[in-house]
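Okay, here's what each chain looks like letter by letter:
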Amino acid sequence: MIEIVDLHKAFGRNHVLRGANLKVEKGESMVVIGGSGSGKSVLIKHIIGTLKPDSGSILIDGVDIAKLSENELYETRKRFGMLFQMAALFDSMKVWENVAFALMRHGKLKEKDAKEIASEKLRMVGLMGVEDLMPSELSGGMKKRVGLARAIAHSPEILLYDEPTTGLDPIMADAINDLIIEMKQKLLVTSVAITHDMHSAYKIADRIAMLYEGRIIATGTPDEIKNTDNAIVRQFITGSAVGPIKIEGVTA
Amino acid sequence: MANILLKPVELLGRSVTMFWSTFVLFTAELGSILLLLCSAIKQLVLPPFELKNTFKQVVEIGIKSLPVVLITAVFTGMVLALQSYTGFKRFNAEVMVGTVVALSITRELGPVLTGLIVAGRAGAAMAAELGTMRVTEQIDALETLATNPVKYLVVPRFIAGIIILPSLTVVADIIGIIGGFFVTVNVLGANSSVYWRRTWDYLETSDIYNGLIKACFFGASIAIISCYKGFYTSGGAEGVGKATTGAVVLSSMTILISDYFLSAWLFK
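Top to bottom, those sequences are chains X and H.
Counting from 1, position 42 in the first sequence corresponds to residue 41 in numbering that gives the first Met the number 0; the numbering is continuous, with no gaps.
Counting from 1, position 236 in the second sequence corresponds to residue 235 in numbering that gives the first Met the number 0; the numbering is continuous, with no gaps.
In short, the hints are calculated from the structure, not lab data.
Remember, it's a predicted structure, so these values are computed and weren't measured experimentally.
Any given hint could turn out to be false.
Unchecked claim - With a straight-line Cα cutoff of 30 Å, these simulated BS3-like cross-link-like pairs (lysine-lysine) come out: (1) LYS93(X) <-> LYS63(H); (2) LYS44(X) <-> LYS241(H); (3) LYS241(H) <-> LYS51(X); (4) LYS225(X) <-> LYS202(X); (5) LYS93(X) <-> LYS77(X); (6) LYS55(H) <-> LYS77(X); (7) LYS22(X) <-> LYS202(X); (8) LYS51(X) <-> LYS63(H); (9) LYS41(H) <-> LYS107(X); (10) LYS55(H) <-> LYS107(X); (11) LYS111(X) <-> LYS55(H).
Stated by the list, open to error - Calculated from the model, a selection of chain H residues having no Cβ within reach of chain X, i.e. all distances over 10 Å: (12) LEU115; (13) ALA140; (14) TYR208.
All C-beta atoms, glycine included, are put in the ideal place defined by N, C-alpha and C.
Assemble the whole structure, with the sequences as input and the hints as a guide.
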């Protein structure tokens with residue numbers, strides 16, 4: 000379904016991705032873990048084509064997304080839904096207009112029908128009666144839910160989650176985890192999530208991949224990752240400041 | 000000794016480097032603005048057309064700028080009449096006040112002042128809005144929802160700028176001339192029919208439409224520069240602030256500098 004082959008990306012002198020390889024099967028829930036600044040966001044932005052690789056390829060069902068024309072790329076994006084870290088709701092629009100954005104733009108639906116579908120998607124993420132509110136009137140957790148409703152509104156095949164639990168309290172974070180699992184079961188989507196929240200990773204992942212120094216250094220099921228011998232992965236998942244991973248800007 | 004001799008050379012070297020790097024930055028920015036302009040023009044001609052969004056921007060930029068434009072225009076016309084009347088009186092030419100006001104407003108002050116006001120009001124708003132959308136990932140969200148952000152955000156503002164600036168300029172022209180009339184006749188006690196005759200006798204239609212051509216250019220410049228500044232914002236809240244300031248400064252400079260060259264070309 001999604002295959003990343005030898006992906007390189009540098010910003011100026013900062014060589015972020017240095018030959019990342021990752022394969023995600025259809026219907027699978029892949030979680031990419033890694034420290035802050037390890038290039039997780041850069042990786043996910045390549046999957047949806049908002050960043051172009053310096054070299055390497057990102058194959059979606061065998062088609063290299065980096066080689067598509069602008070129009071083909073926008074067509075391909077209709078197969079994707081993405082939940083952003085801070086939800087990235089359009090603050091000039093009401094909640095339902097946010098959710099129905101892609102439907103009204105690409106599906107040419109009438110306002111009334113689009114609003115109905117938006118309400119249904121909002122119910123799916125556990126929200127009722129918020130259709131006519133503005134995003135600024137919502138709490139952080141509610142914004143994430145609306146963001147998720149917007150991501151699933153056009154029934155995508157692939158869902159991308161950028162730090163889905165960051166900035167939420169533990170209970171709200173777990174509720175979002177449950178929602179992500181529910182989306183996978185109900186919508187049968189393929190998903191890629193990036194996170195550094197191990198609790199969330201264990202819960203939502205079929206497989207976990209660790210990104211370190213621009214490469215995927217380990218992949219495995221949550222159990223395999225928990226019992227890994229790899230010292231770098233061990234240090235990360237146990238959250239220890241002492242170990243082979245150098246903390247940026249701090250000298251020993 | 001050698002040090003003293005080297006100092007001026009070092010200073011010269013440093014200033015050349017500084018000048019050069021500023022020049023490179025400026026050229027790079029100009030290039031990026033032109034690229035955004037090309038991409039906006041391409042998206043402008045390709046369907047679907049953003050009619051609803053464009054209308055919203057026309058209202059946003061146009062109607063809301065109208066009060067400021069009105070006040071500026073009426074007082075500019077008034078002070079122009081006041082100054083030229085008292086000045087021209089020294090050589091008994093006060094009958095020419097109507098002509099001076101009409102020519103100055105239509106050819107120069109109408110388009111330029113309207114441009115500067117819209118740059119300060121709407122240009123700042125565009126850069127701040129797009130900049131905030133950039134730093135809160137709303138522009139990325141548009142991309143992921145299969146929507147070209149240049150088409151959705153830049154094109155409507157660009158069209159609105161081109162429509163709105165000449166429209167506001169027409170209003171400014173009329174109100175400015177009326178302001179001049181009011182002061183000349185009601186405050187300074189000159190003859191009203193002389194004022195109007197002197198206005199119409201020497202005012203040509205080319206004065207008006209060349210002024211409006213300048214206004215179109217200013218509208219396009221303000222929109223594309225402000226959208227560029229907002230679209231490529233980085234660095235959070237501070238970045239949005241910088242983008243907004245940059246948009247107003249660069250738009251205003253562009254208006255004032257291009258005004259000279261456009262005038263030299265249009266009013267031969």
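To see whether the hints hold, each was checked on the structure:
1. LYS93(X) <-> LYS63(H): Roughly 22 Å between the alpha carbons, so the hint for LYS93(X) and LYS63(H) holds.
2. LYS44(X) <-> LYS241(H): Holds, because 26 Å separates the two Cα atoms, which is no more than 30 Å.
3. LYS241(H) <-> LYS51(X): Given pair LYS241(H), LYS51(X) holds - Cα atoms ~27 Å apart, limit 30 Å.
4. LYS225(X) <-> LYS202(X): Holds, at roughly 12 Å.
5. LYS93(X) <-> LYS77(X): holds (22 Å)
6. LYS55(H) <-> LYS77(X): Distance ~26 Å between LYS55(H) and LYS77(X) Cα, so the pair holds.
7. LYS22(X) <-> LYS202(X): With a Cα-Cα distance of about 20 Å, the restraint between LYS22(X) and LYS202(X) holds, given a limit of 30 Å.
8. LYS51(X) <-> LYS63(H): Violated, at about 40 Å.
9. LYS41(H) <-> LYS107(X): holds (23 Å)
10. LYS55(H) <-> LYS107(X): The given pair, whose Cα atoms are some 20 Å apart, holds under the 30 Å limit.
11. LYS111(X) <-> LYS55(H): holds (21 Å)
12. LEU115: For LEU115(H), whose nearest Cβ neighbour in chain X is about 26 Å away, the distance exceeds 10 Å, so it holds.
13. ALA140: violated (4 Å)
14. TYR208: holds (36 Å)
In the structure shown, a violation is registered for the earlier hints numbered 8, 13, in ascending order.
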